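Participant: Taken in sequence, the protein lines are chains C and H. Converting from the first sequence to this note's numbering requires adding 146 to each position, the first position being numbered 1. Converting from the second sequence to this note's numbering requires adding 108 to each position, the first position being numbered 1.
Since the hints were made in silico from the structure, they are not lab data. None of these values were measured; they are calculated from a predicted model. Beta carbons are placed, not taken as given, at the ideal position from N, Cα and C, and that holds for glycine. Take the hints with a grain of salt, since some may be wrong.
What the hints assert, rightly or not - Distance ranges between label pairs, derived from CB positions:
1) R149/H to E227/C: 43 to 51 Å
2) Q239/C to V161/H: 19 to 27 Å
3) G175/C to P169/H: 25 to 33 Å
One-letter residues, chain by chain:
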Amino acid sequence: EDQVTQSPEALRLQEGESSSLNCSYTVSGLRGLFWYRQDPGKGPEFLFTLYSAGEEKEKERLKATLTKKESFLHITAPKPEDSATYLCAVQEQGGSEKLVFGKGTKLTVNP
Amino acid sequence: DAGVIQSPRHEVTEMGQEVTLRCKPISGHDYLFWYRQTMMRGLELLIYFNNNVPIDDSGMPEDRFSAKMPNASFSTLKIQPSEPRDSAVYFCASSLEGGGSYEQYFGPGTRLTVT
Numbered sequence: 147e148d149q150v151t152q153s154p155e156a157l158r159l160q161e162g163e164s165s166s167l168n169c170s171y172t173v174s175g176l177r178g179l180f181w182y183r184q185d186p187g188k189g190p191e192f193l194f195t196l197y198s199a200g201e202e203k204e205k206e207r208l209k210a211t212l213t214k215k216e217s218f219l220h221i222t223a224p225k226p227e228d229s230a231t232y233l234c235a236v237q238e239q240g241g242s243e244k245l246v247f248g249k250g251t252k253l254t255v256n257p
Numbered sequence: 109d110a111g112v113i114q115s116p117r118h119e120v121t122e123m124g125q126e127v128t129l130r131c132k133p134i135s136g137h138d139y140l141f142w143y144r145q146t147m148m149r150g151l152e153l154l155i156y157f158n159n160n161v162p163i164d165d166s167g168m169p170e171d172r173f174s175a176k177m178p179n180a181s182f183s184t185l186k187i188q189p190s191e192p193r194d195s196a197v198y199f200c201a202s203s204l205e206g207g208g209s210y211e212q213y214f215g216p217g218t219r220l221t222v223t
C-alpha cells in the first residue's frame with residue numbers, strides 16, 4: 147500500500163485559473179510533510195515543510211495546507227512558469243531521515 | 109553556495125559494465141541521500157549517510173549496488189554489473205540536521221542508460 151498518494155496525476159489549467167493539488171498520506175506518526183517542484187531534466191526543488199495539522203505556508207502564488215490525513219497545494223492565478231511536476235513527500239516520526247515520495251502531479255498552465 | 113553537484117550528468121553504458129556516479133553535497137551538510145527516479149516507481153530512496161556513516165540501505169535493490177562516503181564532501185554510488193533495468197535518473201541530496209528543519213536539497217541528477 148502506497149504511503150503517499152497524489153491526485154490528480156496531471157492537471158491542465160488556463161493562466162489565471164486557480165486550483166488545488168492533493169496529497170493524501172498514511173503514516174503512523176508524521177514528522178513532516180514536504181512539497182517539492184520538479185522541472186523537466188532537473189532535480190526536485192524544495193518548496194515547503196508542514197509539521198502539524200492546521201499549519202499553512204505561502205510562497206508567491208502557492209499555498210500549502212495540512213490536515214491529519216492530507217495536504218493541499220493551492221495555486222492562485224497560475225502563470226505558465228508555474229508549469230512543473232509537484233511532488234509531495236512524508237517523513238515519519240522515529241528518527242529516520244527517510245522521505246517517502248508520491249508520484250507527483252504534472253501541472254501545465256497554458257497562456 | 110553551488111548546491112549539490114553530481115557527475116556525470118549523463119551516462120550511457122552497455123549491460124555488464126561497471127558504472128560509478130559521483131556526488132558532492134552542500135558544504136556543512138551532515139546527511140547525504142541517494143535516490144532513483146523512474147516513471148513506474150517515482151522517486152525512491154536507495155541509501156542515506158549521516159556524518160559519512162551509512163544509516164539505512166534498505167532501498168538498495170540488490171548486491172550489484174554499493175555506495176560509499178569516504179569524506180564529508182564526496183560520495184559514490186556504484187553499480188556492478190549494470191543491467192538495462194537500472195536505467196533511471198539517480199539523484200543525490202543533502203540536508204543539515206538541527207533547527208527543526210529537515211528539508212533535503214537535490215542535485216541535478218545523473219541520467220543512466222544501460223543498453
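Participant: None of the hints should be skipped; say for each whether it holds.
Facilitator: Verification of the hints:
1. Separated by about 29 Å at the C-beta atoms, R149/H and E227/C break the suggested range of 43 to 51 Å.
2. For Q239/C and V161/H, the hinted distance range of 19 to 27 Å is satisfied, since their beta carbons lie about 22 Å from each other.
3. Restraint check, G175/C to P169/H: a C-beta distance of roughly 28 Å satisfies the suggested window 25 to 33 Å.
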